[in-house]
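Start from the sequences, fold in the hints, and give me the full structure.
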Amino acid sequence: MLVNMKEILETAEKNQYAIGCINTPNVETIRAVIGAAEELNTPVIIDHAQVHDSLIPIERIGPEMIAYAKKAKVPVCVHLDHGSDYNFVMRAIRVGFPSIMYDCSELPYEENLKNVKEFTKIAHNLGITVEAELGIMASSEEDSHGGKALTNEEIRKYFTDPKQAAEFAEKTGCDALAVCFGTMHGIYAEPPKLDITRVKEIRAALPKSCRVVMHGASGVEFSEVQNAINAGCSKINYYSYMAKATTKFVMEKTAETNGKIPYHELQEAAFEFMKDYAKNVIKAFKNGK
1 MLVNMKEILE TAEKNQYAIG CINTPNVETI RAVIGAAEEL NTPVIIDHAQ
51 VHDSLIPIER IGPEMIAYAK KAKVPVCVHL DHGSDYNFVM RAIRVGFPSI
101 MYDCSELPYE ENLKNVKEFT KIAHNLGITV EAELGIMASS EEDSHGGKAL
151 TNEEIRKYFT DPKQAAEFAE KTGCDALAVC FGTMHGIYAE PPKLDITRVK
201 EIRAALPKSC RVVMHGASGV EFSEVQNAIN AGCSKINYYS YMAKATTKFV
251 MEKTAETNGK IPYHELQEAA FEFMKDYAKN VIKAFKNGK
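Residues 1 to 289 (my numbering) are what the sequence shown spells out, left to right.
No lab work stands behind these hints: they were computed from the structure. Treat the hints with caution; some may be incorrect.
Restraint-style ranges between C-beta atoms, simulated for each label pair [unchecked claim]: (1) Met90 <-> Lys200: 31 to 37 Å; (2) Leu126 <-> Glu265: 26 to 32 Å; (3) Glu38 <-> Glu7: 17 to 23 Å; (4) Gly96 <-> Tyr158: 16 to 22 Å; (5) Glu39 <-> Thr247: 22 to 28 Å; (6) Pro57 <-> Tyr263: 41 to 47 Å; (7) His264 <-> His124: 42 to 48 Å; (8) Lys121 <-> Glu7: 17 to 23 Å.
Note that the structure is a prediction, hence the values are computed from the model and not measured. From the three backbone atoms N, C-alpha and C, an ideal C-beta is built for every residue, glycine too.
Laid out in structure tokens, this is it:
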């Protein structure tokens with residue numbers, strides 16, 4: 001069933017687990033992620049990132065995401081990831097997305113706050129949940145989000161300040177806030193050093209109605225992700241390592257058959273691989289439950 005984010009994140013936090021949010025830039029990935037969630041009987045969030053729109057426009061993939069979500073046996077939220085352009089965000093609303101991340105984090109604080117506050121009023125009148133970001137999320141060289149490529153030590157100055165996060169959430173009314181505490185987008189060049197204490201401080205400072213979001217979980221040890229969940233994160237974004245692992249699987253499968261495997265069989269094999277991968281991810285975010 002199609003849902004927005006608010007209710008499933010509230011339930012997740014109450015029961016001390018997190019909802020996996022996984023990019024679905026094609027139909028096979030949509031099927032894999034929703035199929036995994038159904039087999040585990042757990043809610044999931046599928047999203048379309050603005051950076052993937054050049055590969056497949058939201059007007060093409062969005063209706064597919066919504067259709068699969070409506071038919072799902074578990075609650076599925078269809079979410080826009082890192083929508084930084086207002087016109088693009090409006091396109092997502094016109095397609096029917098029930099949840100939007102309006103990411104103005106690279107703007108000065110006051111401008112970020114002003115933009116998100118104005119957008120949240122519009123979105124809430126339409127029954128749409130809003131995620132924002134505070135702090136600057138670093139990126140690895142292999143990432144497509146276009147953020148800053150920094151070392152573990154360099155990114156500390158961009159970490160989210162708990163007091164500022166509280167003010168931001170209260171003034172904007174956003175439903176979820178992506179915070180920066182040591183993760184990066186993309187493939188890690190070195191193991192990340194997470195500031196779990198900061199997560200606890202942010203969760204304690206935020207209004208109870210605003211959930212804490214962890215981006216860049218792909219590549220982080222599941223034990224560390226679970227520490228972040230226990231500290232207060234109830235939405236976890238994941239994709240890069242699943243995509244990389246699937247590419248490796250396809251290469252190996254092609255080599256194994258000397259390139260003779262028909263495309264449709266390769267496609268279905270990749271789907272099954274992604275579904276199993278997604279199951280491991282979603283299960284880990286429920287603290288192994």
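Hints, verified against the model:
no., hint, verdict
1, Met90 <-> Lys200: 31 to 37 Å, "holds, 36 Å"
2, Leu126 <-> Glu265: 26 to 32 Å, "violated, 43 Å"
3, Glu38 <-> Glu7: 17 to 23 Å, "holds, 18 Å"
4, Gly96 <-> Tyr158: 16 to 22 Å, "violated, 34 Å"
5, Glu39 <-> Thr247: 22 to 28 Å, "holds, 23 Å"
6, Pro57 <-> Tyr263: 41 to 47 Å, "violated, 23 Å"
7, His264 <-> His124: 42 to 48 Å, "holds, 44 Å"
8, Lys121 <-> Glu7: 17 to 23 Å, "holds, 20 Å"
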